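K.L.:
Hints in hand, dock the two standalone chains.
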Amino acid sequence: DAGITQSPRHKVTETGTPVTLRCHQTENHRYMYWYRQDPGHGLRLIHYSYGVKDTDKGEVSDGYSVSRSKTEDFLLTLESATSSQTSVYFCAIWGGGANTGELFFGEGSRLTVL
Amino acid sequence: EDKVVQSPLSLVVHEGDTVTLNCSYEVTNFRSLLWYKQEKKAPTFLFMLTSSGIEKKSGRLSSILDKKELFSILNITATQTGDSAVYLCAALKSSGDKLTFGTGTRLAVRP
Chain P
1 DAGITQSPRH
11 KVTETGTPVT
21 LRCHQTENHR
31 YMYWYRQDPG
41 HGLRLIHYSY
51 GVKDTDKGEV
61 SDGYSVSRSK
71 TEDFLLTLES
81 ATSSQTSVYF
91 CAIWGGGANT
101 GELFFGEGSR
111 LTVL
Chain W
115 EDKVVQSPLS
125 LVVHEGDTVT
135 LNCSYEVTNF
145 RSLLWYKQEK
155 KAPTFLFMLT
165 SSGIEKKSGR
175 LSSILDKKEL
185 FSILNITATQ
195 TGDSAVYLCA
205 ALKSSGDKLT
215 FGTGTRLAVR
225 P
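Protein chains in written order, with the numbering used here: chain P, 1 to 114; chain W, 115 to 225.
Calculated from the structure, these hints are not laboratory results.
Since no wrong hints were added, every one of them can be taken at face value.
Capping the alpha-carbon separation at 25 Å, the derived lysine-lysine pairs in DSS-like fashion look like this: (1) Lys117(W) with Lys57(P); (2) Lys154(W) with Lys11(P); (3) Lys207(W) with Lys53(P); (4) Lys171(W) with Lys151(W); (5) Lys11(P) with Lys155(W); (6) Lys207(W) with Lys57(P).
Calculated Cβ distances over 10 Å to all of chain P for the following chain W residues: (7) Ser121; (8) Glu129; (9) Asp131; (10) Glu140; (11) Val141; (12) Phe144; (13) Ser165; (14) Ser166; (15) Glu183; (16) Gly196; (17) Ala222; (18) Pro225.
Model, not experiment: these values are computed from the prediction.
Built from N, CA and C at the ideal position, the CB exists for glycine as well.
The shape of chain W in the complex, shown without the other chains (with noise of 0.2 Å):
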């Protein structure tokens, strides 16, 4: 059974601070890794990952995929409250092109 497992579940953090979050995956046909924001609604997309140890970024956001330990890292620098959401990362298999999501990190972060 594929899964993907996140954590940590929930964290606050304080204006400013950096902050990791961290996701495992385990899925037959693995393609990539991907990572989503959600706010109040939708989810939206933030990275795809599918080469190993090339680190994408996108402002203060970054991310890296380690396809041997099969895991990814989201970091966070400079946090602000609009950072303030929940984080998915989800796992796209070759077949079918599918997502299986993890439980998500809820971020907090306090002004």
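One chain only, chain P, in its complex shape (with noise of 0.2 Å):
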């Protein structure tokens, strides 16, 4: 177990509301990864952090924000809700870094946006 660990892991709100997803690790790891998976589209990356304070966007970051305050803690907000958002997000941090090929996700968040 990578201890990662998604919060919250159900969610619906309506069009329109801010809606932050907090991802914890225990493992101090300086990589950190935002993911939504959506049928027919597999998982893309949205944002992802290489260090505290320091963050990147992936190839579907419009719509969405993050922020890491502390190693432990990558938060991903989303300012204005909208549908196109419904989705399955994962965190995930490289266990033994990325020579080891093992990404471990979190449980994962399902979000609908009505």
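P.N.:
Structure representation (structure tokens):
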């Protein structure tokens, strides 16, 4: 177990409301990632972080922002949720570094935007 | 734009059959090709392939990478119902340790 947890696990919200998903790790890993998974699209990278206050965009970053004020926490924020952001969101960290290939995922956060 | 394509999209087989899943990639600064298995929840790691032509094995699963033709295959022999899952391949870039995933192959193994 890589010691990675996500919250909330399920959330239903309305269009236009802000939403924050939290990823917490106990492994002190430098890199953390947020992915979304949708049918027909697989896993797509939203944002990632390579250290405290160091973040960068992935391939589907529009409408999302992130923050990392502590090594252990990586927050994903939807400032004004839209129905197209209904998805399952996964946080991930490298278990033993990228050289091992073992990217560990959290349990996922299922978000429904009505 | 980086691209990873998996085929077939879905597959139904009977227990005991052998299956081959395909993954092709076009990725700048390519470093490694990874395979994951996803059942009901989060993906779990299967293999990481960095060198061409060297087969990796784990029980009934094996995989190989061809860096010249830019593809990888995942073989599962003597399939079991517990092999039913979505199999994901992903290309790892040298910069940023980022993965680009394919859309996955959904495998269903019938008793």
